[in-house]
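Following the hints, put chain P in place on chain C, whose structure we already have.
Protein chains: 2
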Amino acid sequence: MNSGAKIWTAGLVIIGDEILSGRTHDKNIAQVATWLQVQGIRLAEVRVVPDVAERIVEAVNALREANDYLFTTGGIGPTHDDITVDAVAEALGVPVIIHPDARALLERYYADKGGLNEGRLRMARVPEGSDLIPNRMSGAPGIRRGNVILMAGVPHITAGMLDALTGELEGGAPLLSETIGCWVAESEIAHLLREVEAAHENCQIGSYPFFREGRVGANFVIRSTDTEDLASCVHTLCDGLATSGYDFTPGGI
Amino acid sequence: MNSGAKIWTAGLVIIGDEILSGRTHDKNIAQVATWLQVQGIRLAEVRVVPDVAERIVEAVNALREANDYLFTTGGIGPTHDDITVDAVAEALGVPVIIHPDARALLERYYADKGGLNEGRLRMARVPEGSDLIPNRMSGAPGIRRGNVILMAGVPHITAGMLDALTGELEGGAPLLSETIGCWVAESEIAHLLREVEAAHENCQIGSYPFFREGRVGANFVIRSTDTEDLASCVHTLCDGLATSGYDFTPGGI
Numbered sequence: 001m002n003s004g005a006k007i008w009t010a011g012l013v014i015i016g017d018e019i020l021s022g023r024t025h026d027k028n029i030a031q032v033a034t035w036l037q038v039q040g041i042r043l044a045e046v047r048v049v050p051d052v053a054e055r056i057v058e059a060v061n062a063l064r065e066a067n068d069y070l071f072t073t074g075g076i077g078p079t080h081d082d083i084t085v086d087a088v089a090e091a092l093g094v095p096v097i098i099h100p101d102a103r104a105l106l107e108r109y110y111a112d113k114g115g116l117n118e119g120r121l122r123m124a125r126v127p128e129g130s131d132l133i134p135n136r137m138s139g140a141p142g143i144r145r146g147n148v149i150l151m152a153g154v155p156h157i158t159a160g161m162l163d164a165l166t167g168e169l170e171g172g173a174p175l176l177s178e179t180i181g182c183w184v185a186e187s188e189i190a191h192l193l194r195e196v197e198a199a200h201e202n203c204q205i206g207s208y209p210f211f212r213e214g215r216v217g218a219n220f221v222i223r224s225t226d227t228e229d230l231a232s233c234v235h236t237l238c239d240g241l242a243t244s245g246y247d248f249t250p251g252g253i
Numbered sequence: 254m255n256s257g258a259k260i261w262t263a264g265l266v267i268i269g270d271e272i273l274s275g276r277t278h279d280k281n282i283a284q285v286a287t288w289l290q291v292q293g294i295r296l297a298e299v300r301v302v303p304d305v306a307e308r309i310v311e312a313v314n315a316l317r318e319a320n321d322y323l324f325t326t327g328g329i330g331p332t333h334d335d336i337t338v339d340a341v342a343e344a345l346g347v348p349v350i351i352h353p354d355a356r357a358l359l360e361r362y363y364a365d366k367g368g369l370n371e372g373r374l375r376m377a378r379v380p381e382g383s384d385l386i387p388n389r390m391s392g393a394p395g396i397r398r399g400n401v402i403l404m405a406g407v408p409h410i411t412a413g414m415l416d417a418l419t420g421e422l423e424g425g426a427p428l429l430s431e432t433i434g435c436w437v438a439e440s441e442i443a444h445l446l447r448e449v450e451a452a453h454e455n456c457q458i459g460s461y462p463f464f465r466e467g468r469v470g471a472n473f474v475i476r477s478t479d480t481e482d483l484a485s486c487v488h489t490l491c492d493g494l495a496t497s498g499y500d501f502t503p504g505g506i
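These protein sequences, in sequence, are chains C and P.
The first sequence runs 1 to 253 under the numbering used here.
The second sequence runs 254 to 506 under the numbering used here.
Hints are supplied without guarantee of correctness; some may be wrong.
[As the list claims (entries may be wrong)] Which residues of chain P face chain C? A partial, calculated answer using Cβ under 8 angstroms:
{"no.": "1", "residue": "Ile272"}
{"no.": "2", "residue": "Leu273"}
{"no.": "3", "residue": "Ser274"}
{"no.": "4", "residue": "Asp279"}
{"no.": "5", "residue": "Leu296"}
{"no.": "6", "residue": "Val301"}
{"no.": "7", "residue": "Pro303"}
{"no.": "8", "residue": "Val310"}
{"no.": "9", "residue": "Gly372"}
{"no.": "10", "residue": "Glu441"}
{"no.": "11", "residue": "Ala443"}
{"no.": "12", "residue": "His444"}
{"no.": "13", "residue": "Leu446"}
{"no.": "14", "residue": "Ser460"}
{"no.": "15", "residue": "Tyr461"}
No lab work stands behind these hints, which were simulated from the structure alone.
Backbone N, C-alpha and C fix where the C-beta goes; we use that ideal spot for every residue, glycine too.
Bound-form chain C, shown alone:
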């Protein structure tokens, strides 16, 4: 860790019985994580909770207190199981209001689709004091209230909202990484990884084993916020692998 620089962190609460039932495979963890990296913000924890208000409130409060930002995905649609706005408003201690711009937006969007009804108007509800996040994909906007950001659960709509937020959030130095791939059982060189990491205090080394083409191998991911520290750690690791007689592949296998 670079002790001098502030590390910006985010928590993510995924709201959805459909993920917990195994019916839907989550795609939002990876896309939110990847997007956050570019903003210089680290994803510190993810919680997947059911469509139950008190469970959402608990997760939202735990992760927003522990992090600079709190994101949610899911549960902001028009149906009875979409309770994210109410739960987050409860967590924040503010009432739910109809946002006039969201209402106007939905009126335009549904003008030639049968008009607004009770369900559709639900998507104009926000915790008081919120701004809207544009949604290029479908009618209902995302919601931002300070460091709390509510996004849709359908991955391509989530992606559009992340796009709209790009460059809008304060972050720190992005976490840099380099990957070294090697056809070696990670258990053969565990001591080397440990030693190299210990010698480079601003770097972390992750070891990700795989089994391909009938052979075992591993990718070693070196992470740091400092370019020079990162290069030095990579250099030491590659030296160590070469000295031990292993071929390695910069960029990973």
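Just chain P, lined up with the frame of chain C:
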């Protein structure tokens, strides 16, 4: 909810910087969730935490206290970033020991691969009082201590461990589900979904919208532990869709 029958629940802690960085796409939530359904156990919450001992301890303790079972995936390999066993032992308040059967197993596995070394021996370490879960895929076993179950993070190895656990855990009535697909914007029939769910207290209806072939549609998933309640709720929903003039597809679209 069927108030008479006990609902068995599980929590899942996914340990891995590689998921939080976005580098690796999680596949374990869906496969653990699907497997649990068949065992009659509901996945109640998932937390993804980094390779940091105190964060693992906190998540493990929170979810094992709230649920009948606690599963972890990841962090039980041979390298310095594999700290799950130590963190879980700390959470359980027991020491880490070398399990003699695990050691024997690893000795056999590595006999023609260079033998045991310090890193490989790490994979024989377990919280005191644990049993082993067979691993058909690679050498290192999973670990079970009462209702706490530690599995590998690599999905096909996790799958093998789940296989070994099949039928070993006590569960309740499996949650049954039926899906009805409909080419309708869910916002058009939000009121119908709400009414039908309210009229069937042992059932939940989830609404999962999609956009395909240039048209919007949704799958409605009706869940219950009771066969008759489920059938009645499905019947009422289909009747309501037909009365409103919508075609629907049993089994989903």
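Here is what the structure says about each hint:
{"no.": "1", "hint": "Ile272", "in the structure": "holds (6 angstroms)"}
{"no.": "2", "hint": "Leu273", "in the structure": "holds (5 angstroms)"}
{"no.": "3", "hint": "Ser274", "in the structure": "holds (6 angstroms)"}
{"no.": "4", "hint": "Asp279", "in the structure": "holds (6 angstroms)"}
{"no.": "5", "hint": "Leu296", "in the structure": "holds (5 angstroms)"}
{"no.": "6", "hint": "Val301", "in the structure": "holds (4 angstroms)"}
{"no.": "7", "hint": "Pro303", "in the structure": "holds (7 angstroms)"}
{"no.": "8", "hint": "Val310", "in the structure": "violated (13 angstroms)"}
{"no.": "9", "hint": "Gly372", "in the structure": "holds (3 angstroms)"}
{"no.": "10", "hint": "Glu441", "in the structure": "holds (7 angstroms)"}
{"no.": "11", "hint": "Ala443", "in the structure": "holds (3 angstroms)"}
{"no.": "12", "hint": "His444", "in the structure": "holds (6 angstroms)"}
{"no.": "13", "hint": "Leu446", "in the structure": "holds (5 angstroms)"}
{"no.": "14", "hint": "Ser460", "in the structure": "holds (4 angstroms)"}
{"no.": "15", "hint": "Tyr461", "in the structure": "holds (6 angstroms)"}
Violation of the numbered hints given earlier is confined to hint 8; every other hint is satisfied by the structure.
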